[in-house]
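Peer 1: Below are the chains, spelled out letter by letter.
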Amino acid sequence: MRITAITLGITALAAGAALADPVEPMSVKYDDYGAIETSLSGMPGDAVEGKKVMSSRGLGNCVACHEVSALADVPFQGEIGPSLDGAGDRWNEAELRGIVADAKKTYDGTMMPSFYKTSGYIRPGNAFTGKAGTEPLPPLLTAQQIEDVVAFLLTLKD
Amino acid sequence: MNKTTASRLALTLVLSFGAGAALADENADLVVNEEIEMTVRAPAPAYLDGHLPEILSGWLFRSDETQDLQRDDFDNPGMIFVDQALDQWAMVDGSEGKSCASCHDDPADSMAGVRAVYPKWNADAGEVRTLAMQINDCRETQMGAKKWGYTSGDMTAMEALISVQSRGMPVNVAIDGPVAATWEQGKEMYYTRYGQLELSCANCHEDNYGNHIRADHLSQGQINGFPVYRLKNTKLNAAHDRFKGCVRDTRAETFDPGSPEFVALELYVASRGNGLSVEAPSVRN
Chain A
450 MRITAITLGI
460 TALAAGAALA
470 DPVEPMSVKY
480 DDYGAIETSL
490 SGMPGDAVEG
500 KKVMSSRGLG
510 NCVACHEVSA
520 LADVPFQGEI
530 GPSLDGAGDR
540 WNEAELRGIV
550 ADAKKTYDGT
560 MMPSFYKTSG
570 YIRPGNAFTG
580 KAGTEPLPPL
590 LTAQQIEDVV
600 AFLLTLKD
Chain B
58 MNKTTASRLA
68 LTLVLSFGAG
78 AALADENADL
88 VVNEEIEMTV
98 RAPAPAYLDG
108 HLPEILSGWL
118 FRSDETQDLQ
128 RDDFDNPGMI
138 FVDQALDQWA
148 MVDGSEGKSC
158 ASCHDDPADS
168 MAGVRAVYPK
178 WNADAGEVRT
188 LAMQINDCRE
198 TQMGAKKWGY
208 TSGDMTAMEA
218 LISVQSRGMP
228 VNVAIDGPVA
238 ATWEQGKEMY
248 YTRYGQLELS
258 CANCHEDNYG
268 NHIRADHLSQ
278 GQINGFPVYR
288 LKNTKLNAAH
298 DRFKGCVRDT
308 RAETFDPGSP
318 EFVALELYVA
328 SRGNGLSVEA
338 PSVRN
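From first to last, the protein sequence lines are chains A and B.
Heads up, the first sequence is in the working numbering, so the first residue is 450 and it goes up one at a time.
Heads up, the second sequence is in the working numbering, so the first residue is 58 and it goes up one at a time.
Just so you know, these hints were derived from the structure itself, not from any lab.
Honestly, I wouldn't trust all of these hints.
What the hints assert, rightly or not - In silico DSBU-like cross-links for lysine-lysine, where the CA-CA straight-line distance does not exceed 35 angstroms: (1) B:Lys177 - A:Lys580; (2) A:Lys606 - A:Lys554; (3) B:Lys289 - A:Lys500; (4) A:Lys500 - B:Lys203; (5) A:Lys501 - B:Lys301; (6) A:Lys580 - B:Lys204; (7) A:Lys580 - B:Lys155; (8) A:Lys554 - A:Lys478; (9) A:Lys553 - B:Lys301; (10) A:Lys501 - A:Lys554; (11) B:Lys204 - A:Lys554; (12) B:Lys301 - A:Lys500; (13) A:Lys501 - B:Lys289; (14) A:Lys580 - B:Lys301; (15) B:Lys289 - B:Lys203; (16) B:Lys203 - A:Lys580; (17) A:Lys606 - A:Lys553.
Given the structure is predicted, the values throughout are model-derived calculations rather than measurements.
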């Protein structure tokens, strides 16, 4: 019993350490097709959280541009990008991670914003204030939020 | 609330949701006061290089209810401001003891066709002038009066009064000669992907007009209807305020209304609407 408790404690500690040390946006390694092999936060994603990130205006707001049948309760889904239904069949985890972190590495010149990028912008702003921001800007999503979104996308099977 | 009321309410909500979200009649025609026939779709000017198959007024993308408000001046809330500006027109202001009327008499005669060709080159000043810049120049140098704020209520109302004298006439701004460099600057801006979202005007208004971005039905971002009355803020809105909001929404450092950058952008955006009717004051959500 005692031993188990100690082991658990160590696991939690290790996890905590990983959480505190995500891959920085500047250091992410994309392969030639724009995919990212390993978790950005060092932790697995949580699909339930990912669902929230995708639906809420203040976070990913992915539904501004995409329809997702699994999010039918979210009103006003956009039509800019393709429907994400079946995305978990079309792409593997590494590819989805790459698309969410910086879709421009998968689709050259795409309109989809880069969610894990902090510099290289033209007239970067301070969020939606209209005022100037200073690079590096905080990325649109954190490493863990990206992992959560990827976990949710993987559940979207036809 | 009893059960029947509750379910009826639920039904109404479902229906009105459907109406607000989707139903815009993109095939509608606009005749104002059963008299002024507006050109709401026109061939795209050659200098758009085939980027748009045709040019479309923003009016087409609004809901049936909003469209109707623009069909009759009695229903158009923007017309109140036109009346106010007509009073202002005759009001003496400034050190010279003059009003607009002192020099321009009846706006129906003196201002007919003016809106349609702005922004335009002013040879004496050697600059591209928007209508707002010209109005302020008259206030300052002709009347000895204080300039109005670039997007102030006085200014948008006066712009609306002047625009009404050109309603139904085709927008026809010049893009060559002395304005060519400014036009190029505006074009460059139109295709620049600003801000942390890295979005250009063209991403939304050229590549995706007709599509929804969340709840918003994207138009071509034309300015033939400006200043527009918005139901959202119940006042007339200047084109530069719209530009400012659209750039801000890309998480960018925006530009100021009246700045040289927005003057250039206005010239270019206006030229993308050459051939559409002057519609101001139009009505938007």
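Peer 1: Are there hints from earlier that the structure breaks, and if so, what are their numbers?
Peer 2: 4, 7 and 11
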